[in-house]
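Full structure from sequences and hints, please.
These protein sequences, in sequence, are chains A and B. For what it's worth, my numbering labels the leading residue of the first sequence as 1, then goes sequentially. For what it's worth, my numbering labels the leading residue of the second sequence as 1, then goes sequentially.
Hints listed in this document are in silico derivations from the structure and should not be mistaken for laboratory results. Heads up, a few of these hints could be off.
Derived CB-CB ranges, DEER-like [claimed, not checked]:
1. A:A202 to B:L100: 26 to 36 Å
2. B:R81 to A:A41: 38 to 48 Å
3. B:L3 to A:A202: 32 to 42 Å
4. B:D59 to A:S74: 16 to 26 Å
5. B:T2 to A:R187: 52 to 62 Å
A few chain B residues that face chain A, going by a derived Cβ cut-off under 8 Å, partial list only [as the list claims (entries may be wrong)]:
6. T4
7. A12
8. S15
9. P23
10. L31
11. A37
12. L42
13. M46
14. R67
15. V87
16. A96
Just a few of them, taken from the derived set where beta-carbon distance is under 7 Å, the chain A residues facing chain B [unchecked claim]:
17. G19
18. S52
19. P101
20. R108
21. G112
22. L124
23. A174
24. L201
Even glycine gets a Cβ: it sits at the ideal position worked out from N, Cα and C.
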Amino acid sequence: MSPLSRTPRDGSRRDPLLGEALALAAAVSAYGLSYGVLATAAGLSPLVATLSSVVVFAGSAQFAFVGVLAAGGSPLTGALGGVLLNLRYLAFGFAMAPHLPRGPLPRRMLDGHLMIDESVALALAGPRDQLVRRFRLAGLAVGVGWVAATALGAYGGQLLGDPRALGLDAAFPAGFLALLAPWLRSRQGRVAAVLGVGIALALTPVAPPGIPVVAAALGAVIALRVAPDREHRDPDPADDPPQETP
Amino acid sequence: MTLTLVALGLLAVGSFVLKAAGPVAAAGRQLPPRVRAVAELLPAAMLAALVVTQTLGADGGLVLDARIVGLGAAAIAVALRAPFPLVVLVGAGVTALVRLGGWG
Chain A
1 MSPLSRTPRD GSRRDPLLGE ALALAAAVSA YGLSYGVLAT AAGLSPLVAT LSSVVVFAGS
61 AQFAFVGVLA AGGSPLTGAL GGVLLNLRYL AFGFAMAPHL PRGPLPRRML DGHLMIDESV
121 ALALAGPRDQ LVRRFRLAGL AVGVGWVAAT ALGAYGGQLL GDPRALGLDA AFPAGFLALL
181 APWLRSRQGR VAAVLGVGIA LALTPVAPPG IPVVAAALGA VIALRVAPDR EHRDPDPADD
241 PPQETP
Chain B
1 MTLTLVALGL LAVGSFVLKA AGPVAAAGRQ LPPRVRAVAE LLPAAMLAAL VVTQTLGADG
61 GLVLDARIVG LGAAAIAVAL RAPFPLVVLV GAGVTALVRL GGWG
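So, in structure tokens, the structure goes:
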């Protein structure tokens, strides 16, 4: 698809992006509610709890942080655990970088702040010429939901009950599985996924939280060696060069 | 409270550095071919790892609970090419039903 054909002709194939982003934002928001509740229960003021969702914006790390606080641990231990959980974003960031526009520094920093599992997965699962739009829209939708829900939970207390009773803890792996599907069409992608699963499962019982997913990145390195295939290197049919967005 | 705020600040800064290092340093730059090939394949390995750790992980260990049933249902939905929101809904809904039934 040439860059010029981007704006018109989209009506023929309805863009599912909004639905995808909203589905993830809804699931994330349910967790934002419980994060707000837990954070205030762990001793953060509602304002600090809400601001933490703005400035950290990494759900698992925030849960880890308030979990340590609630258990009476040192806040510094909690921060270290949260940072470890976020190590995967270093890898995601470099995987996304070639596709992101080299705009002014503040714009690149903002793109970095929007680097979360949901935005990365939605961006890379779609067509390459939509990648930047998908990444930013998903990041913003999830971010708005996350912060608003944190505030609701922190100021309003328990509104939803236990998200687990609604099965929302399974919403995330279900969503990530759907977003993983395009890679499973190539042999190399399947090998990488299987290796990632094996590494993560082997390490989960023995390594600190966050490390198994980071170590799973090795699965991609090994897959390149054991399953070289030139034709299906990329899940996207058109291997477009990264493209500046307006 | 002060120590908590300092720790929260460190978490925010640490998270931001990790998240923004790629875009700030390398946005729009072509990575060397080998690095690029790995980067293209990274999401497959790491998304798969996220799927299993979020399905089976609990308190630093592995458990089989209602989530695995929800994920199985979601996998069927994916195989049937269900739209994304439906996949998420099936995963959550089936898990909730299994829990309602008293398991996991």
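Which of the listed hints are not met by the structure?
-> Those not satisfied: there are none.
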